[in-house]
Structure formats: structure tokens, C-alpha cells
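Number of protein chains: 2
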Amino acid sequence: MNACLWVSASDKMQIGDFRAFANSEKPTLRGDVVRIQDVGERELISVIHRLQAQVPLGYVGIGDDAAYLPPSSSGTLISQDMLVENVHFRVDWTTAEQLGEKAVAVNISDIAAMGGQPVALLTSLSVPGNLDVQWVEDLYRGIAKALDWYGAVLVGGDTVGSTDRIALDVTVIGRPGPTGPIWRTGAKPGDRIFVTGRLGAAYAGYLLLSHGTTWPSTVLSERSVMMAHLSPVARIQMGLAMASWAHAMTDVSDGLVVELEEITRFGSIGATIWQDSLPIDAATRAMAERFGGDPVDFALFGGEDYELVAIIPPSRVSEVLSSATRCGVAVTEVGVITESPGIRIAGTTGGGERVVYGHGFNHFSLA
Amino acid sequence: MNACLWVSASDKMQIGDFRAFANSEKPTLRGDVVRIQDVGERELISVIHRLQAQVPLGYVGIGDDAAYLPPSSSGTLISQDMLVENVHFRVDWTTAEQLGEKAVAVNISDIAAMGGQPVALLTSLSVPGNLDVQWVEDLYRGIAKALDWYGAVLVGGDTVGSTDRIALDVTVIGRPGPTGPIWRTGAKPGDRIFVTGRLGAAYAGYLLLSHGTTWPSTVLSERSVMMAHLSPVARIQMGLAMASWAHAMTDVSDGLVVELEEITRFGSIGATIWQDSLPIDAATRAMAERFGGDPVDFALFGGEDYELVAIIPPSRVSEVLSSATRCGVAVTEVGVITESPGIRIAGTTGGGERVVYGHGFNHFSLA
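Chains A and B, in that order, give the protein sequences. For the first sequence, position 218 (counting from the first letter as 1) is numbered 218 according to the numbering used here, and the numbering increases by one without interruption. So the number in the numbering used here is just where the residue sits in the second sequence, counting from 1, plus 367.
It cannot be assumed that every hint is accurate.
[To be verified] To give an idea of the chain B side of the interface with chain A (calculated C-beta under 8 Å), a few residues:
#1 ASP431
#2 PRO438
#3 SER441
#4 ASP448
#5 ILE478
#6 GLY524
#7 ARG532
#8 ASP536
#9 ILE540
#10 THR617
In case anyone wonders, no lab produced these hints; they're calculated from the structure. For glycine and all other residues, C-beta sits at the position ideal for the given N, C-alpha and C.
If we strip away everything but chain A, and leave its shape as in the complex, we get (with noise of 0.2 Å):
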């Protein structure tokens, strides 16, 4: 049993593919503000290499037309998640690093949700021509942060000046595990329902930050919720342990209720949730009681937690406790599968249910 130990990254061997990351232009950055319109895209990408080049595995060549992986025997998995200003995200509520943080873990919790180990990234980055070159340093220095944090390297990419909003699309390129790629179909009636860490904490925080409270807050519980909903943490570790017994696993970007509709959609099954195990914290209950909202739709329907689903065998569910336990992340038995369609809630008292619906963000209607 190796779960929740880290398959070596050492051997990964990737070319860069920004056009120019091999140059030896080093910008004068500190001092007065310098500008996005007063450097070349050249000097930009420098900025981007050299915080990259802290992440501690070799590239094998020069900037290229295309990054380049070697063979790997367990295939490829692959996603792309685009973060735009203002609707993702706003500078006033978030830092640059914390931003470059966030995209990464966005991502690469589609690798953890397949049961996948990150390999490299290549990031799309489109910017103001005003906007200060220090936040880009910023944004990459998270980005650089969070690579080595999860054992990843970026391998390239784009750069754009002269945009009204900063975008930022990020690729991921992952492996999956041992046992091969963990889908959301395969879910079967009687099967248990994990969920890993808290759920609910960032829609706290994402309530907290538009009712004008901002980063750094003093107060533990803004604190912990806040950095829910503009640092999150990708499962990797849980996701590869998991996938050795999931018959089904995806992560909490749209909410619970969402995720389950996904992964009994095509099985005529449906779930149960038991509302009272809901990992909801106390920060969590505290800022629905300060907005007066009922913390268990902050579980059920506030999305971007980006915690792992995974649908357990009732024979593995010891094993996937023990794996818990070794990883140091909390893992929740919150329901079954059942084999009535419908997504059901349940209380621990009265017995009785009521079917919900998931409520998918729909970023259109935000304009």
C-alpha cells in the first residue's frame, strides 16, 4: 500500500516553450513602478522564467516551438481552466501570488479528481499595458510556489499585453496513478459517499470578501475562510490514494449537490446526503450565522471548495479512513448511493428527506 506516498517527480524531464525564455534580458524591477507597456514581452517572459527557474527539476533544452514530455506508460490527462478578471476574480480582493496560487490549485484538483499526479503546466497570461510588472512577478511567484508544492514544473506558454481585464488559462498535464483513471460514472447503489476537508468555506469567504472585509484579516475565522476561497488546496495526495478503491471520484468546483447530480447521471442511481456529517467548521457556521445563511447550503450549493468526491465500496471504507489518516486530510462519510434518481437530504432526526437540485454557477448572467 503506497498510498499517500508522492511518485518521484525527478525523472520528468520537460522543455520550456515560451518563445524566449532562454534570453539573458534581466529588467530592473524593484524601485518605481514599472510598467507592462514600457517592457517587451521578452523581458515580461524573463521575469516569468527566472521565478521558474527556482522550481528544482531540469529542463532538458531551450526555449522551443513546443514543450516536449517524454513516453510515460500510464497515458496522459489534461485540463484547461481559464480565470478572468472580475469574474473569477478581483485585484482588490486577492494578492498576485495568492491569484497565481489559486489557478494552480484550480487545475491541478482536476488532476487530483481523476486520481492523477501533476507533471507540468503551461499558463496563457493576457494584461493591461498599464498594469505594474511587479504584480506579474507577483503572480508567478505564486504560481512557482504552488508548482513546487505540488511536485509540477511550468513548460510554457503565452503572453498578451494591452487587454482591458487580466486573464489567466492555465493547462495542466497530469499521469494518472497506478490503477488508471478514476471517472465520475461508475458510482453503484450502496457505494459511500467521501468527501475530503471542509465544505462551505469558500462561499463563506467569497461573502466575507464582497461584503468589504479585506486580506489580511486579524479575526482566525475571516482568516481561514478567506484563504478557502482565494488560496484553495488541490487533493492530490487523497485524490491518488482514493483511486485505489473509488469507483467514482470528481472535485467541488460547482457544489456538492452539482458534483453528485454528474455522477449519477447516467446510471439511473441517485444519492443520499446525511446533512448532519457535512464537514462544515465552525468559521464556516459563523459566517453563515453573521449573513444569515444556512451553513449546510454553504456545503450543499456554494461551490469552489475544490475537495474531492470520491464514491467508496462499502468493503474499502476502512481503507480509505486509514489512508486519511496517514495523509493528515480529513476524509467524511456523507452519504450513499442510492438506486432512486435524485439527490436527497437527509436529517438525522425526523427521518425525513427533501430532494434538491443543483444551482450551477452561471457565469453568463453575471455581465
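Position chain B relative to chain A; hints supplied.
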């Protein structure tokens, strides 16, 4: 010699990545204008998916957290490029379908430049909420058409609404050919410089469009150069063929001189370009005359031609020429790699040489 045979793509299995690829909602899009903000993200992805279903490759699963590509003994090539409205394209110059074709070609050209073959594509699209859904449908029709042409398939991506400008970020996944990836480095003095197709036409088309001529023109020469700008072709087949012999290869995105600077920058070597051998066609010469420019400058500095520059040892010149005949692609010997650094232009008459420097296009100065 299997140059110019496509490697079969039929054994490549992919999994859709778009979150809601598999949903069954089919909005009615014909007739009145339907705005992005009036449909949901799922409906939009449904439009995208329906068009891509025409691609004749089997998906082995439904939409999931990440796309999966099975193991390959040749490794993986990855490139990512972002096209932003009013930086890289204008909606009053290009049809949405042409833009889709160009976005695919520009990215796949990076795979061609490595001597590889494209396998899969991911697209992140951000659009204003008041955009006609028909525009997005046309864009993805162009993407599907180009993917079909190049033998690749859309496996995932992201959609974001309510941005000010359209941005399309594309990631392409490819496989190196039998000889492995061809880098930019590796040129040796005496090697011959070959380019595919024609040079300068894309810049001529850009000039024409920027002076108010609109697509489609009824004048054949105008159509020809506008097509070069609006819908370039990636040279996958010639790239695969030349990979058997090339010491180095890249594609012409920033102009021939810039590309040769990249190819020679790490070898203490240089290049001489034979001015009179440059493949500049009659349409490009006509546009240069109309706008008072030098067609040689169009070819050397214009950029965006997406032709290949291959560095071929003298002993292999005849193989390159005969493979070009088999592929039906024009290939021209335009110069030689030299021991002395720097890029020089030599005319056939007079014998004089002039040193030139690349004029890299700096997006950041456009603001």
C-alpha cells in the same frame, strides 16, 4: 520512406473535458439573434460539443474532470497560444469560422515545427455576454473543420462569459514523429535553409485589411493574401517529412529573420539569406507595390506566415526536394548557415551583403 503518409489517428482515444459535454440540452439557435447572456454555459458547451461530434474519432467516455490520452511510446508535445480581440484579430476583418481555423492552425504549426503530428486540442474561450451565439457556433465550426483537416480532436477546455473582449486560448497536444522532436538548436555551418510555401503574404493581407479592404474580395490577388492572414495553413505533412533530415526546425510566426536569430543564437553561428531566392509570390509583390513597400521586407520581417524553416544538411537536399514533390508543397532553399554570427542578406547581383536584425512584434506597445 514514409514521408507524406499520415500516421493513422484512429487508435487515439480521447475523453471530453468540457464539464457538460454530455448534457442533452439543445437550444434553438437559428432564426432570431440569441445572445450569450440569454443561454447558460451548458447550452453553449452543448453547441460546441454538437459541432465537434462531427470529428470522426471515438471518445471513450463522457465529460469528466480532465481529458485522457492513452500511453504513447513517442512522448508528448504541448503548445499553447492565446488570440485576443483587437490584439491578434478584429471581428470586422475575419469571419468567426476563419478565426477558428486560424486558432487551430497557429497552434498546430508549433507541432509541425517540432516534426510532430497533432492529436488533441483544448480551447478556453471568453466572450462578451451580448455576443450572438451564432458567432460562437461559427467559431467552433471553423475549429471542427480545421481539426478534421489536421486529424486531431477537441478534448476539452473552458468557457467564460461577460468579458469585454473575445479571447481564445488554445492548447494543442501532439506526438513527435519517428525521429523524435526537432529542436530549434542543432544547425551547423554549411547546412541549407529551406522554407515551405511563400513568405510575406500574411503581412500583405494584414496591410490590405488594415487599409479597409474587406473579406471576401473579388480580386484574386487580394483574396490570396487575405487568406494567408486570415486562415493560414500549418505544414504538418512537410514537417513530418523534413523531420527525417532536419538539424533544426521552427515556424515563421515572427518573420524569417527573427526565426533565424532563434535558430543561430546558441551556436556561435549565423545565416546568409539569398534575397532573390525568397518565395514571394505575385500577389504579395502586387500588394507591396500598391502600398509602397519592399516585398523582400515583407518576407523577412512580416511574420505570421506559419511556414516552416528547416535547416537541412547539404547531403539531404535532394530528399527534401523529392518529398516536397510527393507532398505537393512548395519548398525553397533560401540560404545557408554560416560560421560567422549574425543574419545577412545577399543579393545575386553585386555580391554585397547587408546585416539585418529581427524586429520582433511587441504586443505590449499596441495599447
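Using Cβ atoms only, decide whether GLY524(B) comes closer than 8 Å to chain A, and label the hint accordingly. 5 Å, holds
Satisfaction of the ILE540(B) interface hint, Cβ to chain A closer than 8 Å: With Cβ-Cβ at 6 Å, under 8 Å, it holds.
Holds or violated: the hint that THR617(B) contacts chain A, with Cβ atoms closer than 8 Å. Where the cut-off is 8 Å and the nearest Cβ of chain A is about 6 Å from THR617(B), the hint holds.
When the nearest CB of chain A is found for ASP431(B), is that gap smaller than 8 Å? Interface hint status for ASP431(B): holds (5 Å vs cutoff 8 Å).
Given SER441(B) as an interface hint, is its Cβ closer than 8 Å to any Cβ of chain A? At 6 Å from the nearest chain A Cβ, SER441(B) passes the 8 Å test, so the hint holds.
Interface hint compliance - ARG532(B) to chain A, C-beta minimum distance less than 8 Å: Constraint on ARG532(B) satisfied, holds at 6 Å.
Hint validity - ASP536(B) Cβ closer than 8 Å to any chain A Cβ: 4 Å, holds
How about ILE478(B): closest beta carbon in chain A under 8 Å, or not? 6 Å, holds
Please check whether PRO438(B) passes as an interface residue: C-beta within 8 Å of a C-beta belonging to chain A. It holds, given that the least Cβ distance between PRO438(B) and chain A is near 5 Å, below 8 Å.
Residue hint ASP448(B), partner chain A, criterion CB-CB below 8 Å: 5 Å, holds
Hint check: no violations occur; every hint is consistent with the structure.
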